[in-house]
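Colleague: On the provided structure of chain A, position chain B as indicated by the hints.
2 protein chains.
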Amino acid sequence: MTDGDAPTAATDEGGGVFAFGADAPLRLESGGRIDGLEIAYKTYGRLNADRSNAILVCHALTGDQYVASNHPVTGRRGWGSYLVGRGRPIDPGKHFVICSNVVGGCMGSTGPSSINPATGAPWGLAFPVITLADMVRAQAMLVSALGIERLFAVIGGSMGGMQVLQWAADYPERLFAAVCIAAAPRHSAQNIAFHEVGRQAIMADPDWSGGAYGAGAARPEKGLAVARMAAHITYLSEAALQRKFGRELQRDGLSWGFDADFQVESYLRHQGASFVDRFDANSYLYITRALDYFDLAAAHGGTLADAFRAARDVRFCVFSFTSDWLYPTVESRAIVRALNAVGARASFVEIDSDKGHDAFLLDEPVFHDALDGFLRAAAAAQAPS
Amino acid sequence: MTDGDAPTAATDEGGGVFAFGADAPLRLESGGRIDGLEIAYKTYGRLNADRSNAILVCHALTGDQYVASNHPVTGRRGWGSYLVGRGRPIDPGKHFVICSNVVGGCMGSTGPSSINPATGAPWGLAFPVITLADMVRAQAMLVSALGIERLFAVIGGSMGGMQVLQWAADYPERLFAAVCIAAAPRHSAQNIAFHEVGRQAIMADPDWSGGAYGAGAARPEKGLAVARMAAHITYLSEAALQRKFGRELQRDGLSWGFDADFQVESYLRHQGASFVDRFDANSYLYITRALDYFDLAAAHGGTLADAFRAARDVRFCVFSFTSDWLYPTVESRAIVRALNAVGARASFVEIDSDKGHDAFLLDEPVFHDALDGFLRAAAAAQAPS
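Line order of the protein sequences matches chains A and B.
Take the first sequence: its position 15, counted from the start at 1, is 50 in my numbering, and no numbers get skipped.
Take the second sequence: its position 98, counted from the start at 1, is 133 in my numbering, and no numbers get skipped.
To be clear, the hints were calculated from the coordinates, so they are not data collected in a lab.
Just so you know, even glycine gets a beta-carbon here, dropped at the ideal spot from N, CA and C.
Just so you know, nobody snuck in bad clues.
Example chain B residues on the side facing chain A (calculated, C-beta under 7 angstroms, incomplete):
#1 Ile227
#2 Ala228
#3 Ala236
#4 Ala239
#5 Met264
#6 Leu276
#7 Gln277
Some residues of chain B that are not near chain A, with every Cβ distance over 10 angstroms (derived):
#8 Arg68
#9 Gly71
#10 Ser87
#11 Arg111
#12 Gly128
#13 Arg344
#14 Ala376
So here's chain A without its partners, still in its complex pose:
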């Protein structure tokens, strides 16, 4: 997904893989635990003397820690390049930016493709089912390990936005501000349905082998590509698909066959084919499962406001996009209503865009200006001059 001019590159990059010791297992919502947790992360900028300028950026389903760096597999610029960078709303010249790969992921953090020490082979389906609360708990451990008690802000879009809500519910005292973008307080039946199609596509692929594919063996690339194609449609609006592709053909005239006649077919096939180069099928199963399990109100007696009761001193900003039908504005409004109900400081901005859910990753100046304004105001409130 690229459009507009390339933003300014980030600077002062750091990061690596943080290996937690045997004395620091990740305790899981399922009751299980992960020993020897490793969390891969990137940082941009420098932590200031009073450790008050850290921003944690939470990535989406298929995102990773390379928010503002070229991706090590694809070589493409980071998924959050419009958000993070010099002169961008999250500016490494001012902020110490942390972005970590979620537990369950496949870019260096412990996940189903990691080696199970008990067997010497990848975990596969023996990996425990994880939740967004588990992802956030691992992030909190990382933030502590980096010597940061309290974040200036936690920011994320889509699944990242849900992690922001989970942070507010579980670690409100560790946040000054929170920015939830294009997200929802729980996965809807339609959200679950689309994910289930993707999981079934992966599990239908004989190369999936019950999740036990490994190094050297064929990987379930066809199934994962179909899963990506189905999901990708939900990231774009009908209007954006019509504007970008309409019924434009790949060549002059129809093929009268099953080649990609229409540009939108070719585009989708490319989305599927390129995705399998950078993503693990089992991670896709685990992370979609974590999303489907997400229901912040249910974990608080059925009342969403109760999730935010201890977060009333956190400064929230909630963003939605008019053409996002994956996590539509009505979901963001539910979040804002719950925040208002507990007297939290909640700004709400609905951005007019026809780009669908993916707008949060794209060149949306009004969104970026509003985010910049919110962060500047929050920074001023945090440290009054």
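Modeller: Just chain B now, with coordinates in the frame of chain A:
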């Protein structure tokens, strides 16, 4: 899809398979032709003496000729049981109802699972790509073969509604009335995208074997099931999914695994698994392709109204459903605008329903009353007393 009380069964059933001779090939839009065409059809009611009471019902993508009969494979009542039957809007007590399986289908009409006389094996991908115009041309041949020059009405929903539009464009002199339900004048980029996901899911299944699976060999059931699951989501509204399933679980508590935890997952899996019992994967490829190729305006110099110029004496009724996001109301409005532009008699009814695209198959009394009223008025106009 069932809800409400079972409608009254149809009576006076007839039908069979009409085999066209070598002198009557089906000439195809691609330039090819099908020799020895067979069209499977059902009839309900009796043709009157002046042959003026025939209604052709056109089925949707995965429908068939068993509009008001129990399905021979599933045993379930016909897909159009709310529309066709004694006391229903299309009443075999008054009308002679014809419904034929489309060419390319798998319920008895010539399609990719038919035997290719040149090889003695199923056609598979050697079957020619067909279009909605080809389907309609085969229907027109059948209607002529049944001794009917002019239909009282042609009626269909979804792909059936598109066939109605094609009838109006190609055989306006053979229609007194036309009812287009929950359809569109062309497939949008999003429509094509969802179909392409389904096709890729089928073609990713190794049992598809390049389309050459046959009797005795394994069929691409997993791929076809995934295709059906993805498509099925588009047939329901987000609201309907939320109302029917929400986040309700199959059992007490989560499985912490990849079983169907949520009822919506179980429902979708069932939709996929049961579909493969009654449908052929290659037919799914061919019919989705026909739909994606459909663009009535493009075939008339880019102006939709020009498709209807010779149909200005046909009485049209166009129906849409408020929560249909597959073929939303805006598409029906485009049809009505084009009809108005040529001075055709066009009624337009938007039905308020939260059931999504599938509403056209379900218990929607306001829709059925409006359809009944339109057909009664048309019958009165056809034969003034």
